[in-house]
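S.K.: Please model the complete structure; the sequences and the hints are all you need to start from.
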Amino acid sequence: MMENGKISSKQVTWMMISFLLGSSILLIPSAVASSAKQDAWVSMLISIVAGQAVIYNFASLSMMFPGKTFVQYSREILGKYLGMLAGLIMTWFSLHLGSLVVRNFGDFLSATVLQHTPMIVPDSIIVILVAMGTRMGVEVLARVNKLIIPFMILLILIIFALGIPEMEFKRILPVMENGVRPVIAGSLVVIGFPYAETVLFTMIIPFLNSPGKGRKALVTGGLAGGALLFFIVLRTLLVLGPATTVRLWFPVLETVRMIDIFNIIQRIESIVIIAWIFLGFMKISVCFYSFVLGLAQLLNLKDYRPLVLPAGVLMLALSQLVYENYVEETYFASQIWFPYAMVPGLILPLTMLAVAVIRGLGGKKTEK
Amino acid sequence: MIFLLSLVFIAIIAIEAPALVRNKMWRELAAFSVLLLIGMLYSYGQALDIPLPNPTKVIMAVFEPVSRIIEKLLS
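Residue numbers (the working numbering), protein chains in the order written: chain A, 3 to 370; chain B, 3 to 77.
Quick caveat, the hints were computed from the structure, so don't treat them as lab data.
With a straight-line cut-off of 20 Å between C-alpha atoms, the simulated EDC-like cross-links for lysine to aspartate or glutamate are: (1) B:26 - A:305; (2) B:59 - A:330; (3) B:59 - A:331; (4) A:70 - A:305; (5) A:70 - A:141; (6) B:59 - A:326.
M.R.: And the structure:
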């Protein structure tokens, strides 16, 4: 047996929320506002709707094959070789995404709080933690997440409320000044990052204790995470305005730095950094888990645990290599990521869903 | 740096390999070794400043034309 753990549908919903927030919570406002300007919040609304379609699509595919991961049913649907290729693409995507998030994690900490520490230090620590969590299995990850994420959401909401004195409504006017095209361009960025990335949950929902509830749990999580992201973007725009939001690397952190209530509550940005570290940990864990489990299933291994430590080395090494400089990072995230992430995120599951329906594969939802 | 890296790799092999050999999990041992070798290649390569194939560059080259088309449609 590859994985003995069982997770509940509520835990999946919480995991989905932290996956959506992890790394996007700080990077999304400037990524969306760079094309949509003051209409970034409209872009967010569009991408939340489109993102639900992406989630619904791959969740439906998973529902047809309860208890099987993407790598397992891809071979069943597409045959031996094409199925292997599809599984390989998904496994590669989880490794690449994982190393990109590790890189973001290190970039953020060395730009804000650990300025004199080499980036490899925080990166190694987080990868070691992720490897430990992954070795213990998906059940442990889901439980840790459910224990901590409610506090993180509470913190985000408190910080949102504390920013209200700095907000000015005129900063998001005029609405749709440049027509609808920049708004759509902005929403495409969000559909790719983070919504298309959630396809990695096809490697996790097979371990649900009630397989029939998987799709509902994922869509609920997608909506809740999307709503939080929407509030974060709106808040950043209202506090900083579009021009400053685009110029800053981590605008959310800046809006929190500005909070100063009667000279008593101030300098609370470390709270955001704590939230970022935890959410980043969860996102890297989901990527890492999908990678080792996917690789083990591709190679027909009995257990994924022996692969955890070498996979950690590889992910850490790749994370230091993936970007040469900050310009390349921004270009990759804003221009290349959307079409790239769409391949495993939408095109591959949609094709497989169509083939599975035509070939009449998969059980009718669930028997129970 | 090289010394530290080597220590890490020896530790990883010492943790995982004996149990795999004892339980005769040869397939797992092979996968473990290959994955660790790739990881070692990339770690030593970076420590010694040897240029290695960068996956991000490959992805960029493949998806650049698509991203140009999208950009043209939306500007």
